[in-house]
Amino acid sequence: MRVRELGRFIRDQRGSARLSLRKLSKLAGISNPYLSQIERGLRRPSAEILQAIAKALRISAETLYVKAGILEERTDEIDLAASIRREANLSQKQRQILLDLYQSFLAEAKPKRTKVRKVAAAKRPKARKTTKPSTRPASRASKTRKPAGRGTRRKA
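Take 7 as the starting number for the sequence shown in my numbering and just add one per residue.
I should point out that these hints are in silico values taken from the structure, not numbers from a laboratory.
One thing to keep in mind: the hints can contain errors.
What the hints assert, rightly or not - Capping the alpha-carbon separation at 27 Å, the derived lysine-lysine pairs in DSSO-like fashion look like this:
#1 Lys61 - Lys99
#2 Lys32 - Lys61
#3 Lys29 - Lys73
#4 Lys73 - Lys32
#5 Lys73 - Lys61
Quick caveat, the model's predicted, so the values are computed rather than measured.
Model the full structure from these sequences, guided by the hints.
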């Protein structure tokens, strides 16, 4: 069911944006229970509601429309090189310049394989075991004081 997919997608996007349900409902201008029902797949929102949610999530409304089944996902790829060659308003020289530029951008966009160098792990010095010295001087550390209580007399 597309409604459940849509709800899960909105919930995931809300989580990624670190928004609470209340905050997103406030930003989108819809009620908290209605948004909750959308996320759980119980309600199918209108295009206007999807647009408001998309704006609040700062994502494309088209993405939500596709998830909701309102729009079909684009699967057609445009052959840009063929389109440039067919363009009648350009001279042959302009077409060739555009094709060269397009090819250079494609070459830059291809991921380059780089050699992975192994780097030796840095050796850390071993921690020395030390005994923690007492914070009190030796003469005072062994003596304990008797707290002054009720039954003690004070000399005046």
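Results for each hint:
1. Taken as a hint, the Lys61 and Lys99 pair is broken in the structure, with Cα atoms around 43 Å apart against an allowance of 27 Å.
2. The hinted pair formed by Lys32 and Lys61 meets the criterion: a straight-line CA distance of about 12 Å does not exceed 27 Å.
3. A distance of roughly 22 Å separates the Cα atoms of Lys29 and Lys73; the hinted pair therefore holds under the 27 Å criterion.
4. Between Lys73 and Lys32, the direct Cα distance comes to roughly 22 Å. Compliance with the 27 Å bound is thereby established for this hinted pair.
5. For a cut-off of 27 Å, the pair hint linking Lys73 to Lys61 stands: about 15 Å separates their Cα positions.
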